[in-house]
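Going line by line, the protein sequences match chains F and U.
The UniProt record's numbering puts the first sequence at residues 1 to 263.
The UniProt record's numbering puts the second sequence at residues 1 to 534.
The set of hints was computed from the structure by calculation and includes no laboratory data.
A hint or two may mislead.
[Unchecked claim] One-sided excerpt, in silico: chain F residues whose CB lies under 7 angstroms from chain U:
#1 N110
#2 F112
#3 V128
#4 A132
Beta carbons are placed, not taken as given, at the ideal position from N, Cα and C, and that holds for glycine.
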Amino acid sequence: MAGPEFSGPAFCVETVLCAESISKSFDSNKVLNGVSLTVERGELISIIGPSGCGKSTFLRCLNFLEIPDEGTVTIADDSIRRAGGAWKASDEALAHRLRAHVGMVFQSFNLFPHRTVLDNVMLAPRVVKKVAPSVAEAEARELLAKVGLEAAILRYPATLSGGQQQRAAIARALAMRPDVMLYDEPTSALDPRVAEEVLEVMRALDREGMTQIVVTHDIHFARAASDRIVFMDGGEIIEIGDPDEMCDNPRDPRTRRFLGASS
Amino acid sequence: MKAVLFRARSLLMSGILALGLPALSSATVWAQDTVAAPAPASVTVPVSPESTTVLKWGADGTSNVPYTFHDPSDENRMSGFEYDIMEEIGRRLGRDAQFVQNDWDGLIPGLERNFYLMVICGIEMTPEHIEAVDFSQPYYMTSERIVVRRDQAGLDSYDRLGGHTIGTVKDTLAERMMGDRHDITVRGYDEESNMFEDLRNKRLDAILIDGPIALYYGEADPAFRIVGPPVGHLSYGIAFAKGGNMELRQQVDAALKSMIVDGTLHRILARWNLWTPEMAAWTGDHSQPGITPTEWERYIAATSPPKGWKARFDRYVSFLPLIGRGAVMTLAVSACAMVLAVALGLVLALARRYGPGWMAAVATIYIEIVRGTPLLIQVLFIFYGLPGIGIRLSPFVAGVISLGLNYAAYEAENYRAGLQSVARGQMEAATALNMSHTQSLRYVVVPQAFRVVVPVMTNDFISLLKDSSLVSIITLTELSQTYVRLSSTYFDYFGTGMMVGGAYLLLGLPFVRMAKLAERRLAVSERRSGNEKY
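Isolated chain F, as found in the complex (with noise of 0.2 angstroms):
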């Protein structure tokens, strides 16, 4: 968690990703309405909310798997600003720029079933970045050993756990070195015990300073681990605040009533 406790450079807050007034329809359904969020480096920021409130949808609008309508993301030092109007071959290449700075887990893994673990880690590095095969083979392989699946290297996705696959998703994200590592609901297809590896992964970076946001149904987790919990409805943030307060002493009738509902 990053906070005073830290000395150094995790000292100084330092502004990784800048959400300003996003907006998304669906047809003629409005389903993101102005979102703002602002991210320092080192937090890890959980958003919670009922099942279509649209956090999910601006998760996947901050690496632009959806592309707003409106607003602004700035990830670094790489911004893409949308005032409505077609999405041009020009955008596509900032958004590949800004995508570098990404790093995605979802919900059903989506691992290359037909790669092995350790090609499926390797693969981007070395298609995106060119990075040489040894190279990229040691840094999988460190990568692996990280969240504990050194022993399943050479292992195809479908032979194995769930959380397994979970954790060799975060491995193949890590291996693009982002700056920021989005969650879609990471846990939702996990049974308990084995969602807690995966969770466990997550608090190791997040001592480790990674920059992380997390959509996700797990209160405990969601107030346990993070350093902001987001709260959102009806494709707006009702509410921004510490988790303990929060859960707590919720401010809004409408985070009152969701808590309420969940724990």
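Fit chain U to the given chain F structure using the hints.
Same frame as chain F, now just chain U:
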């Protein structure tokens, strides 16, 4: 003899129309264009016939006894009375006569494509034919003859055929004559040998057919005999492209005339047992030179059914090299076509699913056209139609391209299903890892689609192997063509059929096994992912 070849052009025209290309006003105009168009240097088989001292002439050497055919005692040698006549004409013109094989339906289009300078293939000099081609003077005259089963009585004149089912070859004088007789049920055939099989199997009561065929297919077979007096009168001429090469035609006429005068033509025909009263009357040559019909006797000896199992077995063994060569050709055409189909099919499927609107539209139109028109038309169009716009392809290349382009449309649909089966999340994961669209397709989506498609693709290859038999019509001697040639030479449809069928099975077998293996592997990986416990 039959005249199916004159229908080939209308078939081609319908092919051109079906494929939506500008229709030309008439077949003749198209034909002249073809001849006039300079041959591009890169794609070509036919060396321009004028450019050498070689005298190229075309005929269908399969199933064409006794005109021009593969010598039964040595399949690599050509034989036949027309073959001998052309050799002699070549000698007299001081040129090297060279036989060019072409399928019957392609003979006249081939003439117009300049594959060869003339066609000699038992073409009757009827008014309709004279309209389509220029003829030399006749080189042979004969009549229609009645052939019956040896034990059959009472059908020994044209008048007495009434009330019976009579076979003949399509577009012959016999067919035209019997067309006016309402008391005769006429069956028209494309292949002589099929017709005689039907006579043997009592589907026909008798056959009325050109003298040489009656002799070589009927009289030569112990089961049949020729009965009654000759019927009608017909002349064969050598065909040249309409309106072209008057000089050569005159040279050929002069050579024929000198062959008649010095008795050479008489000797050739007598060796084949084909000298007729009609020839004697026409040439005024009533001599009886007492020539032994050596070629006729050789043919009888070579084709008579082998006595005993040993002889029969030996004959089948002698077929093996020919069938082997046919199998290699079938496999080569199919394999090359499949490579083309797989590559182009992938491009089409990707264009359709991921390309911009216009590209997807082009791919869709292509697929619909190819799947909506018969492969046979496509093969004919590519081989005979494309020269109309200056593209000349060798039979092999044309066969590979037409089969490949055709199967690409089907492979594209397979890929489409395969691409659809790849979960959306895969593309998203690749994008999130900052792979470009092309990289995502290449490293993530296509390999997975490919795995799904492999079993289907293997099955497609097996059916391509069989569809490759269609390219036999553009003169490629692959397995089917080998079957037609062997079976019609030896009248053995059963034994050779088993051998050729066996060859196809052997070719397909490895791929059947491959398809099964691929299916099993896929099933295993699917079961595994189905059992996942999160």
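Verification of the supplied hints:
no.: 1; hint: N110; in the structure: holds, 4 angstroms
no.: 2; hint: F112; in the structure: holds, 6 angstroms
no.: 3; hint: V128; in the structure: holds, 5 angstroms
no.: 4; hint: A132; in the structure: violated, 17 angstroms
The earlier numbered hint that this structure contradicts is number 4, and it is the only one.
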